[in-house]
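*Asks:* Below are the chains, spelled out letter by letter.
Number of protein chains: 4
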Amino acid sequence: MIKVGVLGAAGRVGSAVAAGVNKADDLELVAEVSAGDSLQVLLDKDVDVIVDFTTPAAVMGNLDFCINNGIHCVVGTTGFDDERYQQVRDWCAANEGVGVLVAPNFAISAVLTMAFARQAAPYFESAEVVEYHHPNKLDAPSGTAVKTAQGIADARREAGLGEMPDATEQALDGSRGANVDGVHVHAVRMQGMVAHEEIVFGTTEQSLTIRQDSYGRESFVPGVLTGVREVASHPGLTIGLDKYLGL
Amino acid sequence: MIKVGVLGAAGRVGSAVAAGVNKADDLELVAEVSAGDSLQVLLDKDVDVIVDFTTPAAVMGNLDFCINNGIHCVVGTTGFDDERYQQVRDWCAANEGVGVLVAPNFAISAVLTMAFARQAAPYFESAEVVEYHHPNKLDAPSGTAVKTAQGIADARREAGLGEMPDATEQALDGSRGANVDGVHVHAVRMQGMVAHEEIVFGTTEQSLTIRQDSYGRESFVPGVLTGVREVASHPGLTIGLDKYLGL
Amino acid sequence: MIKVGVLGAAGRVGSAVAAGVNKADDLELVAEVSAGDSLQVLLDKDVDVIVDFTTPAAVMGNLDFCINNGIHCVVGTTGFDDERYQQVRDWCAANEGVGVLVAPNFAISAVLTMAFARQAAPYFESAEVVEYHHPNKLDAPSGTAVKTAQGIADARREAGLGEMPDATEQALDGSRGANVDGVHVHAVRMQGMVAHEEIVFGTTEQSLTIRQDSYGRESFVPGVLTGVREVASHPGLTIGLDKYLGL
Amino acid sequence: MIKVGVLGAAGRVGSAVAAGVNKADDLELVAEVSAGDSLQVLLDKDVDVIVDFTTPAAVMGNLDFCINNGIHCVVGTTGFDDERYQQVRDWCAANEGVGVLVAPNFAISAVLTMAFARQAAPYFESAEVVEYHHPNKLDAPSGTAVKTAQGIADARREAGLGEMPDATEQALDGSRGANVDGVHVHAVRMQGMVAHEEIVFGTTEQSLTIRQDSYGRESFVPGVLTGVREVASHPGLTIGLDKYLGL
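Protein chains in written order, with full-length UniProt numbering: chain A, 1 to 247; chain B, 1 to 247; chain C, 1 to 247; chain D, 1 to 247.
Just so you know, these hints were derived from the structure itself, not from any lab. Only true hints are included.
Because identical chains cannot be distinguished in the list, a pair is counted as satisfied if it fits within a single copy or across any two copies.
The list that follows gives simulated cross-link-like pairs (lysine-lysine, BS3-like), each with its CA atoms no further than 30 Å apart:
1) K243 x K137
2) K23 x K243
3) K3 x K45
4) K243 x K147
5) K23 x K3
6) K23 x K45
7) K3 x K243
Hey, can you work out the whole structure from these sequences and the hints?
*Replies:* Below, the structure written as structure tokens:
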């Protein structure tokens, strides 16, 4: 039984994580910490792993305390840069065996989609990305879609692939999507939808489609729980949940 | 048993139509006519319906002969304009009971897709079109996708719908597709694919997707046979296969 | 501006309808009635249309009052049988011009899917239904999928189509799905999904797919609002939202 | 430039492979061998790699000759059992550096789909397989779908996952598909389709779909060419193309 503490437990994300921990048979929720609470409870309750969905202002103090007290950390808080990563590495170096996972995206279906896209890319002449989101989204395409396209572009370059075949001569402006590093990306905005990404690959008489659908705002929970279960076996700093998925 | 004559029987399309007629239990192929052949065979063989996939130069002569001899006509040949349509109407007026179907697209799944898109459009805040074609296609988006988008735009206008919701503020150029009459259209070019069109509609917590896939170059055959079977019950000129489908 | 009263306003469905009415520019929510409340408020507030999501025990009393006071009715309450329908028809006969819509399903994408499936069925040799639901669902396949399959079967019969082609000789038990009136129906149960239905039609070198996705529990709202807007133009009893959709 | 010989060059598959080699810039087709031809030409032409799509009766003789003459082999011929594999291993042991690839499936999108399905399986509570084929297929589900389901079942077992959630109490016979090692598999038979497989995974508020579409009968060609390019870097016997794809 892994003893879990949630930092930022009063937030929307933190409370969903706490509920997820409560439902899991192999995890025990022993501490919920909100802004202003003392971290001493983590030691009193003998916490094995903390989950941090707090703020860029709070997260480094939390990690300082936890790592130096031998507590593993799973972190979804944003605002990390190279300097912060180096600081975390230094703390880990001084506390052998402590694992820290920092990940920008815990939606396991999205993380797998991105990883599979990189793996598939070398074997297909063509690859394009179509993403679908609710119409209140401010940016197009989504950050995830741009990253996916860049991953495909990298994998193609490493494999020595050239440009994709495209005989288009006459095109309505915008019809062929945005060109991200040679990979075309299309963004659909659709009332009623949440967040969906589809990557299509094509070669001789066949195509491969990898599609990820998020139907709600708690799709990050299974990925966080995977992080909690695996972090002790990955000492030091790990960036990105994909490193835990054996990909 | 309907007796069928095929004009342009030596062409790729005509020969596929002839093969389709041969396979159908309720149709009998009694005449195959190629460029230069006399049309007299149509009378000798007592043809009920001709199918014309010839050339813009030949088609009007064929129709003149057939209509004025009481033979129904199913026409996929291109090059019709208002003047030609009027001429056909005049010939029909002089030959009561003769039916003529001229259609730009006989792929029945594509025709239904377009019709359903118009029917669905008034009930959804959002609608976008994504089409997929082989990478040798010269234009983007496809003519069918543009027409589908225009049909959706018309249906929205008639229903009094305004602009679709879209909060996009930051967009990579082209990511939101081509704007066809207010409907966004995205064109994917993919090795291995043939011709595919997907229309997505969205409203509160739901979406409706209508998708058409063509896997080969004979997808027009079932639509032509439907035309052959129905043309006698639609006297006069009909433009578009959808008029025969009870839509 | 249509003045709307909601009966069953305290229920989950009723309150979602009330919220939907409030958001619509052309509708005004003037009365919310819960179990035990007097219906007099509907007259005091000059209600044009009521929406009834109450109980089988309450609904007939509500309709008696409303129809006989000249108020149009949109009804999602269950428990109607031929006897009840006849009673409603009698009340309508005595109150010319009053419209009543009783519908088992207001999810507009599901209603359109079923209607399009019937329209498409005569033109394809093959048709199968695949539905996807959350794993807590007790029945398989869903009632909607069974009804869709029956609609397809009816349309095929009317068009004189025979059995679908299927050369299967060796099959694992269950692999070909349930046989509903000759139409194969497959039920997938999937954690994270809500309610989704896909109908696939196939003929020579092409397929047509109609897919409906419900992402949440408020997908009935747009259909109810369509009912409210249209009911005054459909005097007498109408059963099924599809009759209002011009299909 | 890799010098390639094709054995079984007169067959449908062999001739498609030959055409594919001819189109590739980095491969040179130097020998085409049909039943009855001498293999001496492979030595005369200094062949680097042979591709064998012949018959179970012919393949072992071909491999004996090629391996013992230092020629790498890519083999799609069927009929291998443990005894044959051991014989190939023995020949390879005696000819260090010679690579032999024997694969039951060269459709690269199908091979990737199966590999991704195994990788994804541990992270989702639910997984089901839906396959679509033309209606002339004799078995249901397809061998590929059964294998995919078994791979998912194995991966779930290794990860310690139990049964999938499924509350179904009332089911029409067959509606939940075939149960392959605990994974439900559904087979659709559809006029116009070729060979398509879809695997759906679900967990909290999200799903992942991996779909493979074969549009024609030459979808094996890119996988064979990948085999030809890689076989020299994989000495000894390799079974299954997936081992070459870095998965």
